[in-house]
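J.: Residues per chain, in single letters:
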Amino acid sequence: MAAKKLNIKDKYRLLTRDLDWEYSYADRKEAFPYEDFEGIKITDWSKWEDPFRLTMDTYWKYQAEKEKKLYAIFDAFAQNNAHMNVSDPRYVNAIKIFLTGVSPLEYQAYQGFAHTGRQFGGVGARVACQMQSLDELRHVQTQIHAMSHFNKFFDGFQEYSHMHDRVWYLSVPKSFFNDARTAGPFEFMIAIGFSFEYVLTNLLFVPFMSGAAHNGDMATVTFGFSAQSDEARHMTLGLEVIKFLLEQHEDNVEIVQKWIDKWFWRGSRLLTIVAMMMDYMLPNKVMSWKEAWEVYFEEAGGALFKDLARYGIRMPKYSEIIEKEKEHISHQAWWTFYTHGHAAGFHTWIPTDEELDWLSEKYPETFDKYYRPRWELAKEMEAKGERFYTKGLPQLCTTCQIPMLFTEMDDPTQTSYRDTTYNGERYHFCSDGCKDIFEDEPEKFVQSWLPVHQIFQGNCGGPDVGDILSDFYHMNVGTDNMDMKGSPDELRWKQWKGVA
Amino acid sequence: MSKVYIALQDNDESRYIVEAIEEDNPEVTVIHMPAMIRIENEGRLTVNRETVEEKMGRDWDVQELHVNLITLGGNVEEDDDSLSLHWNE
Ligand SMILES: [Fe+2]
Ligand SMILES: [Fe+2]
Ligand SMILES: [Zn+2]
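Going down the list, the protein sequences come from chains A and B.
With the first sequence counted from 1, adding 18 to any position gets you this note's numbering.
With the second sequence counted from 1, adding 346 to any position gets you this note's numbering.
If you are wondering where the hints come from, they were derived from the structure by calculation, not from laboratory data.
Among these hints, one or two may not hold up.
Claimed, not checked - Distance condition first, Cα-Cα at most 27 angstroms in a straight line; then the derived BS3-like pairs of lysine-lysine: (1) A:Lys86 with B:Lys401; (2) A:Lys47 with A:Lys23; (3) A:Lys397 with A:Lys380; (4) A:Lys27 with B:Lys401; (5) A:Lys59 with A:Lys335; (6) A:Lys59 with A:Lys324; (7) A:Lys324 with A:Lys303; (8) A:Lys453 with A:Lys192; (9) B:Lys401 with A:Lys23; (10) A:Lys308 with A:Lys324; (11) A:Lys402 with A:Lys342; (12) A:Lys87 with B:Lys401; (13) B:Lys401 with A:Lys84; (14) B:Lys401 with A:Lys79; (15) A:Lys276 with A:Lys79; (16) A:Lys303 with A:Lys342; (17) A:Lys65 with A:Lys324; (18) A:Lys303 with A:Lys380.
Said to hold, decoys possible - Over the 10 angstroms line for every Cβ pair with chain B, so calculated as not near, a few chain A residues: (19) Ala401; (20) Glu459; (21) Gly476.
Unchecked claim - Chain A residues, not near chain B, derived (Cβ > 10 angstroms throughout): (22) Arg46; (23) Phe50; (24) Ile339; (25) Thr384; (26) Gln513.
The structure displayed is predicted, hence computed values, not measured ones.
Ideal Cβ positions, reconstructed from N, Cα and C, are used throughout, including at glycine.
Build out the structure end to end from the sequences listed, making use of the hints.
T.: See below:
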């Protein structure tokens, strides 16, 4: 008898929902101990919907296909020495930030979804989280493979994992995920599954990857889009989680809104570095950070929140500030890295004149008024042989761990600074958003591992900054860092290209 | 009405999928960017298996879409014959 082909719905019912079982001798509450400590009320897991209805067999089939395509391209990239085809060696520094700052987050996402999936009483959500966990493991592996090729030819790739756990600016992404993973399973899903995947990762994996393609980096665009092909499923899971929680019980609405407020703020802070990569580190331009933000945050996020309004959900708190920040944050961040270029794990530089003109054109309201004059000054100083590096260590925000580089949005000449006291200690913040988050969970955030505090407490070696960079961070001082001009990366590139 | 969107890798398979989407959703806007194609539409967008099969000249499973998908925006509905995106307002 010929086997009858099952339709997607029946297959999903049999191969996913049907895998669950009743608990006869174990206590369900003990099996899922984290399910109600956040105050979320689930009345009926069977109401869970997974629109993609992907079953494990189909999952493996398509994932295998994606990997075969991806590795064929990696091979071609390596065999053809395609690192030589990138637009400009400065571009590679964006990929160094990717490997040290982003790829370890993929690993954290893998761990987070494995843990969270285990904690859900509903089998549909468990299976979806298991698939996402496997996807995220694939993402970190493929990224390491892709970038291992660059590691053979450029500095700064060698100690990405060691650096991720220690370096001052890498504590920003690391602590973001640590915060999410130490939350309960539902907060993790709103933090990563919904806020991060549905709205924020698009900004890194879509316009930035398109930019990688436009800068001749076939390996990065390929791993980026291959990862992103899983992302549509992750986004859909994030949206389903939120709809499910909001439909399960009206008491969930307020809790979910608080998490949305927290994680959209934290997420937009985290994306500051992507803003800088888009505006300053892609020599061939696709779109400005501001344009990308308008498409993927304002337009896509706006549509999403309009859709969720029927549950009583509103736009994240501080959306008005977030809207103004698109004009400023990329410039404020690149200036901070430029002036701390001796302590970064990658090279920094002054934008070329054509790049400055492009920024003026893309940011007519702000660039010429507030930011271009700094670069003109930096150019003058550089011409006199006085390339500027700051001597001090920056003060960090206790919540997002970003140096105090942001300004008040209504007065871009004034650094934004907030503080609060808790148990007799004073804590410092970059914004009202970060201060609110701290005040809501002070016992969590007083434990923040703040790199600059750790340096001053003597926990990172030293005492000289140079010793900390080389011995504690494992940076090759003078090779991995400092200005692009005169760097070994630049010299090798010129040799390969046969230019003096 | 908000826009739903879908982005696909710019490759040989996607070209047929884009053609099919354009045929079945004549109002869509197709935006070409380096290495990707973004398609957006007010309110709703549907990918029909039959139309894609006609364009490709072979059988095509709706779930094959995952191989070339980059991102999407909207509530997803998928069955054996189509995938569609919509916003509730
Ligand atoms: Fe990922
Ligand atoms: Fe993901
Ligand atoms: Zn902050």
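J.: All hints are to be evaluated individually against the structure, with a verdict given for each.
T.: Hint check results:
{"no.": "1", "hint": "A:Lys86 with B:Lys401", "result": "25 angstroms, holds"}
{"no.": "2", "hint": "A:Lys47 with A:Lys23", "result": "38 angstroms, violated"}
{"no.": "3", "hint": "A:Lys397 with A:Lys380", "result": "21 angstroms, holds"}
{"no.": "4", "hint": "A:Lys27 with B:Lys401", "result": "26 angstroms, holds"}
{"no.": "5", "hint": "A:Lys59 with A:Lys335", "result": "24 angstroms, holds"}
{"no.": "6", "hint": "A:Lys59 with A:Lys324", "result": "24 angstroms, holds"}
{"no.": "7", "hint": "A:Lys324 with A:Lys303", "result": "32 angstroms, violated"}
{"no.": "8", "hint": "A:Lys453 with A:Lys192", "result": "19 angstroms, holds"}
{"no.": "9", "hint": "B:Lys401 with A:Lys23", "result": "24 angstroms, holds"}
{"no.": "10", "hint": "A:Lys308 with A:Lys324", "result": "22 angstroms, holds"}
{"no.": "11", "hint": "A:Lys402 with A:Lys342", "result": "36 angstroms, violated"}
{"no.": "12", "hint": "A:Lys87 with B:Lys401", "result": "22 angstroms, holds"}
{"no.": "13", "hint": "B:Lys401 with A:Lys84", "result": "22 angstroms, holds"}
{"no.": "14", "hint": "B:Lys401 with A:Lys79", "result": "23 angstroms, holds"}
{"no.": "15", "hint": "A:Lys276 with A:Lys79", "result": "39 angstroms, violated"}
{"no.": "16", "hint": "A:Lys303 with A:Lys342", "result": "22 angstroms, holds"}
{"no.": "17", "hint": "A:Lys65 with A:Lys324", "result": "23 angstroms, holds"}
{"no.": "18", "hint": "A:Lys303 with A:Lys380", "result": "11 angstroms, holds"}
{"no.": "19", "hint": "Ala401", "result": "35 angstroms, holds"}
{"no.": "20", "hint": "Glu459", "result": "31 angstroms, holds"}
{"no.": "21", "hint": "Gly476", "result": "46 angstroms, holds"}
{"no.": "22", "hint": "Arg46", "result": "30 angstroms, holds"}
{"no.": "23", "hint": "Phe50", "result": "27 angstroms, holds"}
{"no.": "24", "hint": "Ile339", "result": "23 angstroms, holds"}
{"no.": "25", "hint": "Thr384", "result": "25 angstroms, holds"}
{"no.": "26", "hint": "Gln513", "result": "29 angstroms, holds"}
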